[in-house]
Amino acid sequence: MSTVRRRLVPYFLMGPGLVWLILFFVVPLYFMGRLALESGTLATGFEFTWEFANFTDSFDRFDEQFVRSFVYAGVATVIALLIAYPLAYAIAFRGGRWKNALLLAVVAPFFTTYLIRTIAWTTILSDDSVIVDVLKAVGLLGDEGRLLATPTAVIAGLVYNFLPFMVLPIYSSLERIDVRLIEAAKDLYASARVAFWKVTLPLSMPGVVAGTLLTFIPAAGDYVNAFFLGSINQSMIGNRIQSLYLMELDYPTAAALSFILMAAILAVVVVYIRFAGAEALMGDEGEQRA
Amino acid sequence: MIGRAWKWLRRNAIVIYGVIAVLYLLLPLFLIAVFSFNDPSGKFNYTWEGFTLDHWKNAFGIPDLTDAFITSLQLAALSTVVATLLGTLLAMGLVRYEFFGRKTANFLIVIPMATPEVVIGAALLSMFLIYGIKLGFTTLFIAHVMFSISFVVVVVRSRLIGFDRRLEEAARDLGANAFETFRLVTLPLLMPGIVGAALLSFALSIDDFVISQFNAGDTVTFPLWIYGAAQRGIPVEVYVIATMLFIATAAAMVFTVWQQRRAEKMAWILPEEEVDARLEARPGPPAPGVLGG
Amino acid sequence: MTEREAGPMKGFKKLLFGVAMLIAALVVAACGSEGGIEGGKDEGEVPVAKAEGEPSGTVKIANWPFYIDRKTVPEFERETGIKVQYVEEVNDNNDFLAKVQPQLQRGESGGRDIMIVTDWMANRMRELGYLQDFDEEAIAPAKANLVPQLASPAFDPERKFSLPWQSGMTGLVVNKAKAPDVTSINDLFDPKYKGRVEMLNEMRDTVPLVMMADGVRPEDATEEDWMNTIEKIREAAESGQIRKFTGNDYTRDLANGDAVAVIGWSGDAVQLQADNPDIQFVMPDEGCTLWSDNMVIPVGAPNPTAAYAWMNYVYDPENQAQIADYNYYFTPVKGTKEVLERMGSDAAKSELVFPTEEYTANCSTQDEPPGGPEVVRKVEQAWQDVITGA
Chain A
1 MSTVRRRLVP YFLMGPGLVW LILFFVVPLY FMGRLALESG TLATGFEFTW EFANFTDSFD
61 RFDEQFVRSF VYAGVATVIA LLIAYPLAYA IAFRGGRWKN ALLLAVVAPF FTTYLIRTIA
121 WTTILSDDSV IVDVLKAVGL LGDEGRLLAT PTAVIAGLVY NFLPFMVLPI YSSLERIDVR
181 LIEAAKDLYA SARVAFWKVT LPLSMPGVVA GTLLTFIPAA GDYVNAFFLG SINQSMIGNR
241 IQSLYLMELD YPTAAALSFI LMAAILAVVV VYIRFAGAEA LMGDEGEQRA
Chain B
1 MIGRAWKWLR RNAIVIYGVI AVLYLLLPLF LIAVFSFNDP SGKFNYTWEG FTLDHWKNAF
61 GIPDLTDAFI TSLQLAALST VVATLLGTLL AMGLVRYEFF GRKTANFLIV IPMATPEVVI
121 GAALLSMFLI YGIKLGFTTL FIAHVMFSIS FVVVVVRSRL IGFDRRLEEA ARDLGANAFE
181 TFRLVTLPLL MPGIVGAALL SFALSIDDFV ISQFNAGDTV TFPLWIYGAA QRGIPVEVYV
241 IATMLFIATA AAMVFTVWQQ RRAEKMAWIL PEEEVDARLE ARPGPPAPGV LGG
Chain C
1 MTEREAGPMK GFKKLLFGVA MLIAALVVAA CGSEGGIEGG KDEGEVPVAK AEGEPSGTVK
61 IANWPFYIDR KTVPEFERET GIKVQYVEEV NDNNDFLAKV QPQLQRGESG GRDIMIVTDW
121 MANRMRELGY LQDFDEEAIA PAKANLVPQL ASPAFDPERK FSLPWQSGMT GLVVNKAKAP
181 DVTSINDLFD PKYKGRVEML NEMRDTVPLV MMADGVRPED ATEEDWMNTI EKIREAAESG
241 QIRKFTGNDY TRDLANGDAV AVIGWSGDAV QLQADNPDIQ FVMPDEGCTL WSDNMVIPVG
301 APNPTAAYAW MNYVYDPENQ AQIADYNYYF TPVKGTKEVL ERMGSDAAKS ELVFPTEEYT
361 ANCSTQDEPP GGPEVVRKVE QAWQDVITGA
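Protein chains in written order, with my numbering: chain A, 1 to 290; chain B, 1 to 293; chain C, 1 to 390.
Hints were generated in silico from the structure; no laboratory data involved. Predicted model, so just to flag it, every value in this text is computed and none were measured. Each hint should be verified, as a subset may be incorrect.
As the list claims (entries may be wrong) - DMTMM-like mimics (lysine to aspartate or glutamate), calculated; alpha carbons at most 20 angstroms apart, straight line:
no., chain 1, residue 1, chain 2, residue 2
1, C, Lys99, A, Glu248
2, C, Lys83, B, Asp64
3, C, Lys194, A, Asp133
4, C, Lys71, B, Asp64
5, C, Lys99, B, Asp64
6, C, Lys176, A, Glu175
7, C, Lys99, B, Asp218
8, C, Lys378, C, Glu127
9, C, Lys83, B, Asp67
10, B, Lys134, C, Asp346
11, C, Lys378, A, Glu248
12, C, Lys176, A, Glu248
13, C, Lys178, A, Glu248
14, C, Lys178, A, Asp133
Unchecked claim - A short list of chain A residues far from chain B (calculated; beta carbon distances all over 10 angstroms):
no., residue
15, Thr44
16, Phe66
17, Val67
18, Ala105
19, Arg117
20, Ile124
21, Val134
22, Gly145
23, Val179
24, Leu188
25, Arg193
26, Val194
27, Asn233
28, Gly238
29, Arg274
For every residue, glycine included, the Cβ atom is placed at its ideal position computed from N, Cα and C.
Full structure from sequences and hints, please.
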């Protein structure tokens, strides 16, 4: 095979996929940016006018939802981490022959349509449900209290729906840990607890970083949970983007809002990765090129 | 006695916790399965009213719902084939070759996964609107392939990274050409990864609501039909189909895991002999000059 | 294939160049087409959807879900030989407009021959130039059976482009066991029911009712009245008095017990009663709002001839009775009551299907803010901010 031909091989392999991603991911972003700078109404049509005010106006109008989205997504991510880490740990180190079955159970929610499982939660959490009765009986919820249409329900929905994204990366990084290392640490520090903090946890950090990002990002843009489980006082930025695009037909504002959301999320991610220092997300570190 | 129980509890706390967490994950699924046997007297399926098998016997009795479900299956199948193909090639290029622009390529693959669905959907819709492209099955297909590719790459890449390239070298030493090596060694060993990626891509596609809602036009997929129905009350049939879908995907998943294990076992014991045997059966001498590497 | 390669490569450059050209082409193309999204087709005369020859082929109807019984469509097909593609795709007027707008803008209807939308949306679509006028001759049999009360609404006084599918009332839907004393819209603001009250997210359903409860008739309302009412609703929503703004999905919350009193539609109450007899439609003390969902023919409809056949068919009282018996909304067709009585259907006796004049005396059909499109846009935006919590 000639050198030129060989050099071209990777591009032939990657070409179709990359072109697809460029045409249908990068280019659309460009058009969304354009749309965000247009002005007009449905009756007159929309024209490109460098309408930068769309950005400032839409941010002013919807700042509350922005803050709410990021707070909800942040809280949901932390809770998901607290639930997921012990679960991943249990599966990785104590799963035994049940390991595969347990993993299957973790991804099982994905086999049911997202909407259906969210709607199922509206039944589980409804005011006359067993859960609400129990919470009232033990006094965690006042007589007039409820779960649906509260921040609790929306965050619970986010936690539930994105939990597998948290469990799987943590599991796979725990799984990779050489058990002998932990044993050695136990001998060294003579305490399981210290061994956990000094060895297991640091070694599983790439999984934690990947998991938190995979939970936070979709949660911040989500509107399905707020739609079914929340009320207007829980509406998130995704709800408004959806409504502007698909109900109000105010495309420029909608596009500007989407752009701000993406920029904000990227900013959070970049800061977080700097802080957590992980190339884990890029998946480059383990690549062995023979 | 209490001391021993306490000790047992302490040692197994994490296991008990794990079981509870798994039950929590499965709770809505359980509810969905139960409600697929509900027998509501009105048209709404919100409260438990009694047991019936009618809706299971008649799962496809609502033509619109059935159409939507079939559309979803077609869309998922088509986008899975294309995304798996493109993604696998991408992963091979990425892992096996050193080339200019790999960082950019890597970034391009990761970034869609780090973008909220609503932004992906909105961006595509913006482009389609500006061009006046008719929304429908085609635009859905474009979108589904787009968001599946990255996931396929990630899955296949992890399989490629753990790939023992000596197996390929062995095949070549035994006289296989590039194509034969690929067909007889590389592909079978990659297969579990590719099948896993395809399964993931299928599940992503059939489950997608957000991106589809933006780009569907007149086309109605299963999740979109549910969203519409949620406005007026979801018929029991939706729960039945959801349960069926769950069982089918779970079965496929179990099957893949089982296959994968088998393939791994084979890879340990068989490769040399098998490749050898197949090469023996091949007519003619190896073509010269194919062992370029 | 393991060599390390240095420097930029020909192949990659080529590829990069190709991709760059593609993007450039796209961008240029986009700029060329005025760059924006076109809107509003206001050029020239409104076309008439002419009927030609004998009806045949397929007719595609876009309707709201659960708006027809299961027998009417197959019987129509058998009787006329026309195939019906009946799609339940309208869940919300705004949402539906968003879905069909790009097609209608191009003069295509997506194969739809009939769409069913609420009064104000029919009006808006007409203004955007998305509808055709009826062929008076072809639709005469149906029009002859239209009840006089619905014959000349403000937006279409001669029924030139819209014909009611069903009409109904917006009022209170109440769980009598849990909220026995709710009889007025003002009761929804009673702290006793905090968080168990819901309102419709259709502005034209909710706002006029709340306005009436404050003593303002929608017919006389000013822009300020609309804004004040919206503000009042916003406060109630932010304090948690109103749990949610809903579409048809309030039925779920009533059935679950999450809501005890809501602003809702008359026909739904009857459907909910099937599961829970405590749920009833209550005519608010201050009156109700009356609306119709109308059949309209979009531009580009492929088979208007068959569309008229359908309209004439459902406007035959014999056929209409079957639909009315299922829906429990009020029927726009003369003579349906007699057929229902003959069938022995309860619908014949229902005040909801055949309201007396006395029953609907205080009801209003005015659902649009005054002062033209600019004001409407402003009011709509204020409303949208309330229901999405901005």
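Tested hints:
1. Lys99/C / Glu248/A: Holds - the C-alpha atoms of Glu248/A and Lys99/C are around 11 angstroms apart, at most 20 angstroms.
2. Lys83/C / Asp64/B: Answer holds: Lys83/C to Asp64/B is near 15 angstroms, not above 20 angstroms.
3. Lys194/C / Asp133/A: Holds - the C-alpha atoms of Asp133/A and Lys194/C are around 18 angstroms apart, at most 20 angstroms.
4. Lys71/C / Asp64/B: Roughly 16 angstroms between the alpha carbons, so the hint for Lys71/C and Asp64/B holds.
5. Lys99/C / Asp64/B: holds (18 angstroms)
6. Lys176/C / Glu175/A: Cα-Cα ~58 angstroms, so violated.
7. Lys99/C / Asp218/B: Roughly 7 angstroms separates the two Cα atoms, so the pair holds.
8. Lys378/C / Glu127/C: Within the cut-off at roughly 18 angstroms; holds.
9. Lys83/C / Asp67/B: Since the Cα atoms of Lys83/C and Asp67/B sit roughly 17 angstroms apart, the hinted pair holds (cutoff 20 angstroms).
10. Lys134/B / Asp346/C: This hinted pair is violated, its Cα atoms lying about 46 angstroms apart.
11. Lys378/C / Glu248/A: holds (12 angstroms)
12. Lys176/C / Glu248/A: violated (36 angstroms)
13. Lys178/C / Glu248/A: violated (36 angstroms)
14. Lys178/C / Asp133/A: Answer holds: Lys178/C to Asp133/A is near 17 angstroms, not above 20 angstroms.
15. Thr44: Thr44/A is indeed farther than 10 angstroms from all Cβ atoms of chain B, at 15 angstroms.
16. Phe66: holds (13 angstroms)
17. Val67: holds (16 angstroms)
18. Ala105: The claim is violated: Ala105/A sits with its nearest Cβ about 5 angstroms from chain B, within 10 angstroms.
19. Arg117: violated (5 angstroms)
20. Ile124: violated (6 angstroms)
21. Val134: Consistent with the label, Val134/A stays out of reach of chain B, its closest Cβ about 14 angstroms off (over 10 angstroms).
22. Gly145: holds (21 angstroms)
23. Val179: holds (15 angstroms)
24. Leu188: Given a closest Cβ separation of 22 angstroms, the condition holds.
25. Arg193: holds (12 angstroms)
26. Val194: holds (17 angstroms)
27. Asn233: Consistent with the label, Asn233/A stays out of reach of chain B, its closest Cβ about 20 angstroms off (over 10 angstroms).
28. Gly238: Given a closest Cβ separation of 5 angstroms, the condition is violated.
29. Arg274: It holds; Arg274/A is separated from chain B by about 15 angstroms at its closest Cβ, greater than 10 angstroms.
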